[in-house]
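Enquirer: Required output: the full structure, derived from the provided sequences and hints.
So the protein lines, in turn, are chains A and B.
The numbers in the numbering used here rise by one with no breaks, and the one at position 51 of the first sequence is 51.
The numbers in the numbering used here rise by one with no breaks, and the one at position 102 of the second sequence is 102.
If you're looking for bench data, these hints aren't it; they were derived computationally from the structure.
Any given hint could be a false lead.
What the hints assert, rightly or not - A few chain B residues facing chain A, derived, Cβ under 8 Å: (1) N12; (2) L14; (3) L47; (4) V54; (5) W57.
Claimed, not checked - Simulated pairs of lysine-lysine, DSBU-like, Cα-Cα distance not exceeding 35 Å: (6) A/K70 with B/K102; (7) A/K70 with A/K91; (8) B/K102 with A/K91.
Note that the structure is predicted; figures quoted are calculated from it, not measured.
Idealized CB from N, CA, C, for every residue including glycine.
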Amino acid sequence: MGTATSDEQIVERALTGDAEAFGEIVQRWERRIFVLSFGMLGREEDARDATQETFLAAFRNLRAFRGEAKVSSWLHRIAVNQCITRQRRAKVRSESALDTEEEKNAASFAAPIGYSPARMAEGRETSAAVRLAVNSLPVELRQVVVMKEFEELTFKEIADALDLPLSTVKSRLYTALKQLQMRLAKFG
Amino acid sequence: MRNDDLTCGRENDLIGFLYGELNEVEATAFQRHLRECETCNAELADLGEVRESVVAWRNESVGSVAFPAQVTASSRTEAPRATPSAMTALRQFFNLSPLWMKGAVAFAAILFCVFAGLALARLREAPPAVVAATPGATNTSPAELKALIDQRVREELNRIKKSEATAAAPLTANAQKTAVKRTANRNTQVALSAASQKARRPLSKTEREQLANDLRLVSAKSDSELDLLDDRINQ
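Expert: Rendered as structure tokens:
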């Protein structure tokens, strides 16, 4: 029975100069960080950029990692921050281009760039509606939904990653699902 | 703010039940509550539908994304994978790179190739070493190299000899003429010397008689009677 090397052990190796260790971290977590970014941003290109930036930021700050939190939580936190930063930038860019009140409401929490209700009406309506609804959630709600539904993390893992009490994670998820329900009913 | 909260105040239990994260005791207790609370029942059904919609969107969007590492969230408990090489990790990391970064790397690679080509061309054009000047000498062994040098030296010597011979050809002709002249002179001198030797040698009686006859000076029969001065001197 083989013993799995923990993320923390790999990070220790990376800190002692093992050139391949950080590659292992990337290999282990890139998929989940990408999925998280995709759920947060709603666009593949943006998600790839955010994933890239997440690992670059992690590599740059590797020495700041003290092992107080799990590597997974640390990476998630960096990824969420990267996504929030990107959304803020996107919001600034897209606000001036939005005309209708409906679009403004949908984009009030940084809607994905280049998206419109007209496009949503063309095919894949349900997925498009969900995508728009998720992306219009406040960041603190959206990240919980994404971590739960896209990454399939447990409440405890989400709480660790976001450094929140377990009860807060649950209540945020409940609120997020309720808001999604209302938004989807409006789109439907 | 939480105007959408349940009146029974069991939102967290409902969420835990919805995602199957209640322990056995908690789950049994909430199921008992569901039998009594219609609001929670309706809420559970509604949120279940919302959840299904989100999962459908996730499967549709993320499932269509080509991704190098086929690691899904549900496979987190799998056996540890083999340690990837640095190149593999870099390749996968590069696959995540944005388009602008891929473009920049491609441009840098093209630039590198161009400069490498230029450097090679410049090296070939540079004045070659003596050995490199010999065709095909770039891959010669030390023995072949020595043979080539010897051959070159011999060729060079032959060339020098030929050029010297060409330059010396008129001189040789003159020298031959001079030699012929010298030989002729020497022969003449020898002949004269022989003649003078002969002249100094006293003639024999037969020779004297022959000479007298040739000159018709005296008759042959009286020759022995002549009192020649030469005879006396010679005697």
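Enquirer: Indicate, hint by hint, whether the structure satisfies it.
Expert: Now for the hints, and whether the structure bears them out:
no. : hint              : result
1   : N12               : holds, 4 Å
2   : L14               : holds, 7 Å
3   : L47               : holds, 5 Å
4   : V54               : holds, 5 Å
5   : W57               : holds, 4 Å
6   : A/K70 with B/K102 : holds, 32 Å
7   : A/K70 with A/K91  : holds, 31 Å
8   : B/K102 with A/K91 : holds, 26 Å
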